[in-house]
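Under this note's numbering, the sequence shown is numbered contiguously, ending at residue 464.
It is worth saying that the hints were derived from the structure and are not from the lab. Bear in mind that the values here come from a model prediction, so they are computed numbers and not experimental data. Please note that the accuracy of each hint is not assured.
Said to hold, decoys possible - List of simulated lysine to aspartate or glutamate pairs, EDC-like, C-alpha gap at most 20 Å:
| hint | residue 1 | residue 2 |
| --- | --- | --- |
| 1 | Lys-359 | Asp-156 |
| 2 | Lys-126 | Glu-364 |
| 3 | Lys-140 | Asp-127 |
| 4 | Lys-126 | Asp-390 |
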Amino acid sequence: MSVQSAAMLPTLCYTALKASCLCGSAPCLLSSCCPSTYNSTISRLAFSFLLLLGTFVSVIMVLPGMDAQLKKIPGFCVDGTTIPGLENKVNCDVMVGHKAVYRMCFAMACFFFLFSVIMIRVRSSKDPRASIQNGFWFFKFLLLVGIAVGAFFIPDGTFTTVWYYFGMVGSFFFIIIQLILLVDFAHSWNQSWVQRAENGNRNGWFAALMSFTIIHYALAFTVMVLLYVYYTQPDDCTEHKVFISLNLIFSIIVSIVAILPSVQEAQPTSGLLQASLISLYTMYITWSAMTNNPNRQCNPSLLSLVGASPTPPPAPVLGGGPVEAVQWWDAQSIVGLVIFFFCTLYASIRSSTNSQVNKLMRTEDGEGLTDYEAAPGEDGVRRAVDNEEDAVTYSYSFFHFSLLLASLYIMMTLTNWFIPDTDTETMQTSMPAVWVKISSSWLGLGLYLWTLVAPLVLSNRDFN
1 MSVQSAAMLP TLCYTALKAS CLCGSAPCLL SSCCPSTYNS TISRLAFSFL LLLGTFVSVI
61 MVLPGMDAQL KKIPGFCVDG TTIPGLENKV NCDVMVGHKA VYRMCFAMAC FFFLFSVIMI
121 RVRSSKDPRA SIQNGFWFFK FLLLVGIAVG AFFIPDGTFT TVWYYFGMVG SFFFIIIQLI
181 LLVDFAHSWN QSWVQRAENG NRNGWFAALM SFTIIHYALA FTVMVLLYVY YTQPDDCTEH
241 KVFISLNLIF SIIVSIVAIL PSVQEAQPTS GLLQASLISL YTMYITWSAM TNNPNRQCNP
301 SLLSLVGASP TPPPAPVLGG GPVEAVQWWD AQSIVGLVIF FFCTLYASIR SSTNSQVNKL
361 MRTEDGEGLT DYEAAPGEDG VRRAVDNEED AVTYSYSFFH FSLLLASLYI MMTLTNWFIP
421 DTDTETMQTS MPAVWVKISS SWLGLGLYLW TLVAPLVLSN RDFN
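When you get a sec, could you build the whole thing from the sequences and use the hints?
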């Protein structure tokens, strides 16, 4: 054997090990510099990566000018210059704009629905189906690509209209899941800083907690004032006035309940930090709902608010076109994508100790990572620790169902919650989208309130 061949052996072995992770049921491999982690965490991150990859593709498809770029490919589009064997094969109208987003998100929803069904009642990693959850990543990627390609051959017809209503229902529930994850994040944040305050600089950590709480409330109050100023009229926009007022009252109520002595005794980790973050998120949902009101007097464009042209943009064309350039690049959609990205990442790595949130998210109490060490094996490669031999730490089926809802939420966000009008081939704003968002904010506030009062109402149950 030559010296060069001997030098290549470690690389070939490492490549083979990586292939076993992609094509088999072996645990995902970690580099020697990676910290200790769990097999369950890596699996969630990998599935979330597939979701984010589909989201990235959807964003590219809805970018302005994509239809013109596709038509430059010889023989690719129906209307383009043809070459032998490829003429009239691809309708580029469904590969860009809102139609493309609907089909890509439909493929992701089908992918996660399939895994949600397959993983029903998986109790531990000893279940044969757990190897499908934690391995075979290359084949999963191929499956997602195959479903996505097939989705683009779905005839137009009533597909976009029917899938729009699926998207509204799914997004309704995902907004609630986002709020629950924000509650869990705030609980963990509050608990972490309180523990540090008790073990170290007490005044400094409590001052930091108070500062962030004040900032959240200040931002929520500022948003509320701006909504009253710009999204209401003295003799019009009655619905907006009611929405803003009710959500302001509900935010005050949950803030008061969060610091009641009886609630503090039953839920020591509850406090104003969580309530302030929920109040800010509620005001964002209120603003997001108002941006879907078809009444332009109650829904001014941001350009008109900063002194630019107040002329409302034309209705976007279903399959792309020049007006696509102004469709989803608005503030509320960008904020929605940022919150979605944060919640998706947090759902993949969360390890919660809040029993009420765990019940809602169908997960077990979190454990620290210090009890396990992903020690290098005989081959010198660090592997993830299988921490689910006795019981799973999260419901596989519910996790995939959450990603299914996330796919629908992305679809609605990238299309501004516009309803497709097949008669005029345009997308239009609609009041149902407004009511879906507002209703989800009310239900989410109700669930947060329940996490506070449940130990008091059901005093015979153990919530520790």
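A quick look at each hint next to the structure:
no.	hint	in the structure
1	Lys-359 x Asp-156	violated (41 Å)
2	Lys-126 x Glu-364	holds (18 Å)
3	Lys-140 x Asp-127	holds (19 Å)
4	Lys-126 x Asp-390	holds (8 Å)
Checked against the numbered hints given earlier, this structure breaks only hint 1.
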